[in-house]
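Novice: The numbering used here puts the first residue of the sequence shown at 1, with every later residue one more than the last.
One or more of the hints may lead you astray.
[To be verified] Pairs of lysine-lysine residues, derived as DSBU-like cross-links and limited to a Cα-Cα distance of at most 35 Å, are as follows:
hint, residue 1, residue 2
1, Lys94, Lys62
2, Lys149, Lys67
3, Lys67, Lys30
4, Lys28, Lys40
5, Lys109, Lys61
6, Lys79, Lys153
7, Lys149, Lys231
8, Lys30, Lys61
9, Lys40, Lys26
10, Lys186, Lys94
11, Lys186, Lys67
12, Lys186, Lys43
13, Lys39, Lys62
14, Lys149, Lys40
Calculated from the structure, these hints are not laboratory results.
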Amino acid sequence: MTTTEIQAVLDELHSILSSNTVIDKKKKDKLILEIEQLKKGFKDIPEIHENLTDVYTSLVKKGRELKALYKNKVTSNDKKELESKAIYYIRYLKAAKGDFLGETPYVIKYIRFFFVTALLFIALSPMYFGFILPGLMFVPIFLGFRGVKQRTKPGFHFSLAVVPVGIMTAALWVRYGMYAMMNFEKEVAAAMQNSGQGQFVGQLLVAGPPILGALLMICACMQAYFGYKSKDLFV
Numbered sequence: 001m002t003t004t005e006i007q008a009v010l011d012e013l014h015s016i017l018s019s020n021t022v023i024d025k026k027k028k029d030k031l032i033l034e035i036e037q038l039k040k041g042f043k044d045i046p047e048i049h050e051n052l053t054d055v056y057t058s059l060v061k062k063g064r065e066l067k068a069l070y071k072n073k074v075t076s077n078d079k080k081e082l083e084s085k086a087i088y089y090i091r092y093l094k095a096a097k098g099d100f101l102g103e104t105p106y107v108i109k110y111i112r113f114f115f116v117t118a119l120l121f122i123a124l125s126p127m128y129f130g131f132i133l134p135g136l137m138f139v140p141i142f143l144g145f146r147g148v149k150q151r152t153k154p155g156f157h158f159s160l161a162v163v164p165v166g167i168m169t170a171a172l173w174v175r176y177g178m179y180a181m182m183n184f185e186k187e188v189a190a191a192m193q194n195s196g197q198g199q200f201v202g203q204l205l206v207a208g209p210p211i212l213g214a215l216l217m218i219c220a221c222m223q224a225y226f227g228y229k230s231k232d233l234f235v
């Protein structure tokens, strides 16, 4: 299956949007530009794999429904609906194009790094911030994890909230790790006294968190990287 149908739908939408006088010009120009870029992108797809036929059929169907909507609703009262429907459809087009081009693994990698980043942040942040910050971040993390599994744009945005706090927490632990390296025996002795445990446990308490902090820094940066690579794959 080729992308001829969707290219025809995009041509028609381009024509309808160009002549539309209801949508704000700035938003209309942006939508038209994105449609032109998507047309070029779909031309580069030689063939739709059989397992993605349903996605392609849905894409064409939704495009025709949007075209009919723009023909029937032409008053200023319909402006908000027309804009939101067009924006959502373009997001759907971008995500589907990514699927057709085999970019879905970026989403899987993003989810994995997000999960590890969130776990490490929750484990390491209480030592510096108490339970207030991880408590505040619980809702965005929960909504983010549920949303990215469903590939929703709001879920993606929620999940990104863990990146800056993760990097901040990691930086504090890495800084402590550098200090502990230069004062290792002193820090181990303090850890043994505070925990009431032996030398081995004291060494783990001193060396373990900074190592996990470095891992958190790597995971948060990788989450940000794969978030950038997969940002258009969420609807």
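Novice: Each hint: holds or not?
Specialist: Okay, the hints, checked on the actual structure:
1. Lys94 with Lys62: Distance ~14 Å between Lys94 and Lys62 Cα, so the pair holds.
2. Lys149 with Lys67: Holds. Lys149 to Lys67 sits at ~30 Å (cutoff 35 Å).
3. Lys67 with Lys30: Cα-Cα ~17 Å, so holds.
4. Lys28 with Lys40: holds, 19 Å
5. Lys109 with Lys61: With a Cα-Cα distance of about 30 Å, the restraint between Lys109 and Lys61 holds, given a limit of 35 Å.
6. Lys79 with Lys153: holds, 22 Å
7. Lys149 with Lys231: Holds: Lys149 and Lys231 sit about 14 Å apart, inside 35 Å.
8. Lys30 with Lys61: holds, 23 Å
9. Lys40 with Lys26: holds, 22 Å
10. Lys186 with Lys94: violated, 56 Å
11. Lys186 with Lys67: violated, 71 Å
12. Lys186 with Lys43: violated, 65 Å
13. Lys39 with Lys62: Holds: Lys39 and Lys62 sit about 16 Å apart, inside 35 Å.
14. Lys149 with Lys40: This hinted pair holds, its Cα atoms lying about 29 Å apart.
This entry does not satisfy hints 10, 11, 12, going by the numbered hints stated previously.
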